[in-house]
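Q: Can you make the complete structure from the sequences, with help from the hints?
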Amino acid sequence: KNEVEQSPQNLTAQEGEFITINCSYSVGISALHWLQQHPGGGIVSLFMLSSGKKKHGRLIATINIQEKHSSLHITASHPRDSAVYICAVRRSGGGADGLTFGKGTHLIIQP
Amino acid sequence: DAGVTQSPTHLIKTRGQQVTLRCSPISGHKSVSWYQQVLGQGPQFIFQYYEKEERGRGNFPDRFSARQFPNYSSELNVNALLLGDSALYLCASSLLSGRNQPQHFGDGTRLSIL
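Residue numbers (the numbering used here), protein chains in the order written: chain A, 1337 to 1447; chain B, 72 to 185.
Read the hints as simulated data drawn from the structure, not as lab findings. Note that the structure is predicted; figures quoted are calculated from it, not measured. Misleading hints may appear alongside valid ones.
Taking beta-carbon pairs under 8 Å as the criterion, some of the chain A residues facing chain B (in silico) [as the list claims (entries may be wrong)]: (1) 1364; (2) 1409; (3) 1412; (4) 1416.
Stretch-level coverage of chain B by chain A, calculated; a stretch enters the list once three of its residues show a Cβ under 8 Å from a Cβ in chain A [as the list claims (entries may be wrong)]: (5) 89-98; (6) 126-134; (7) 177-184.
In silico SDA-like cross-links for lysine to any residue, where the CA-CA straight-line distance does not exceed 20 Å [said to hold, decoys possible]: (8) A/1439 with B/185; (9) A/1390 with B/111; (10) A/1439 with B/123; (11) A/1439 with B/73; (12) A/1337 with B/175; (13) A/1439 with B/158; (14) A/1389 with B/112; (15) A/1439 with B/101; (16) A/1391 with B/171; (17) A/1439 with B/169; (18) A/1337 with B/112; (19) A/1390 with B/175; (20) A/1439 with A/1343.
Just so it is clear, CB atoms sit at the ideal spot from N, CA and C, and this is done for glycine as well.
A: Quick look at the structure:
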């Protein structure tokens, strides 16, 4: 079982819909990252969370440390939101900064 | 300011060859991490370097090595290439090491092994 699990793997929705992507992890963490990857391969950091909730424009990220679960929400979705969304964690306990990634959620927003 | 830059963008090699990939971090960033992303999977951590020293290593064979230069740029070397090394290789930089902070990714080098 992967240490970071995302659901769903694939999601197709209509423009304007409210989108939720979920991430569960099984290790102790010091931070959780949400990232966006476009078809060309480049990755953009959306959020870094260690507790609570963050909002940036139409994107909202929440984390529940006790339940080891995080969600990424997109309000009023738009075709330009189509991308792969990846959850990644930095393990607690010091050591390297290397992140452990989920497999990603492939999101398609249709006009 | 320039973001993280990686070169080359694409590379084709044959089995058994050696390859060197390069990464320039954002100006002022001292930490560089390397990741391998096989098609359809999330990235896997290979190395982290900070102040020219290795700070961490993922579960990769000794054919993979890296170094960081005084200007904080970094090289990833892979020897004796295998078909399974075909992947997108991503570099990420951050200001410091050992604390939570955003990682800034380059666009990657797509390596194909024939």
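Q: Decide, hint by hint, whether the structure agrees.
A: Status of the hints after comparison with the structure:
The interface hint given for residue 1364 of chain A is broken, as the beta carbon of that residue sits about 13 Å from the closest beta carbon of chain B, more than 8 Å. For the restraint placing residue 1409 of chain A at the interface with chain B, the shortest Cβ-Cβ distance is roughly 20 Å, beyond the 8 Å limit, so the hint is violated. Annotation: interface hint on residue 1412 of chain A violated; nearest CB of chain B at approximately 25 Å, more than 8 Å. Taken as an interface hint, residue 1416 of chain A does not check out: its beta carbon lies about 18 Å from the nearest beta carbon of chain B, beyond 8 Å.
Interface restraint, the segment 89-98 of chain B with chain A: violated (0 residues with C-beta to C-beta distance below 8 Å; minimum three). With 4 residues bearing a CB less than 8 Å from a CB of chain A, the segment 126-134 of chain B meets the requirement of three and the coverage assertion stands. Only when three residues or more bring their CB closer than 8 Å to a CB of chain A does the claim for the segment 177-184 of chain B stand; here the count is 4, and the claim holds. Proposed proximity of residue 1439 of chain A and residue 185 of chain B is contradicted: the alpha carbons are some 25 Å apart, above 20 Å.
Between the alpha carbons of residue 1390 of chain A and residue 111 of chain B the distance comes to roughly 28 Å, so the proposed pair goes past 20 Å and is violated. A hinted pair counts as satisfied when its Cα atoms are at most 20 Å apart, and residue 1439 of chain A with residue 123 of chain B does not qualify at roughly 30 Å. Taking the CA atoms of residue 1439 of chain A and residue 73 of chain B, the gap is about 28 Å. The hint is violated against a cut of 20 Å. In summary, the hint linking residue 1337 of chain A to residue 175 of chain B is not supported, as the alpha carbons are separated by about 28 Å, beyond the 20 Å threshold.
Simply put, residue 1439 of chain A and residue 158 of chain B have alpha-carbon atoms about 15 Å apart, close enough for the 20 Å limit, and the pair holds. A C-alpha spacing of about 27 Å is found between residue 1389 of chain A and residue 112 of chain B, which places the hinted pair above 20 Å, so the restraint is violated. About 28 Å separates the Cα atoms of residue 1439 of chain A and residue 101 of chain B, which puts this hinted pair outside 20 Å; it is violated. Using a Cα cut-off of 20 Å, the hinted pair residue 1391 of chain A and residue 171 of chain B holds, with the two alpha carbons roughly 18 Å apart.
In summary, the hint linking residue 1439 of chain A to residue 169 of chain B is not supported, as the alpha carbons are separated by about 25 Å, beyond the 20 Å threshold. For the hint pairing residue 1337 of chain A with residue 112 of chain B, the CA-to-CA distance comes to about 14 Å; that is within 20 Å, so the pair holds. Our distance criterion of 20 Å between C-alpha atoms is met by residue 1390 of chain A and residue 175 of chain B, whose separation comes to about 19 Å. Taken as a hint, the residue 1439 of chain A and residue 1343 of chain A pair is honoured in the structure, with Cα atoms around 9 Å apart against an allowance of 20 Å.
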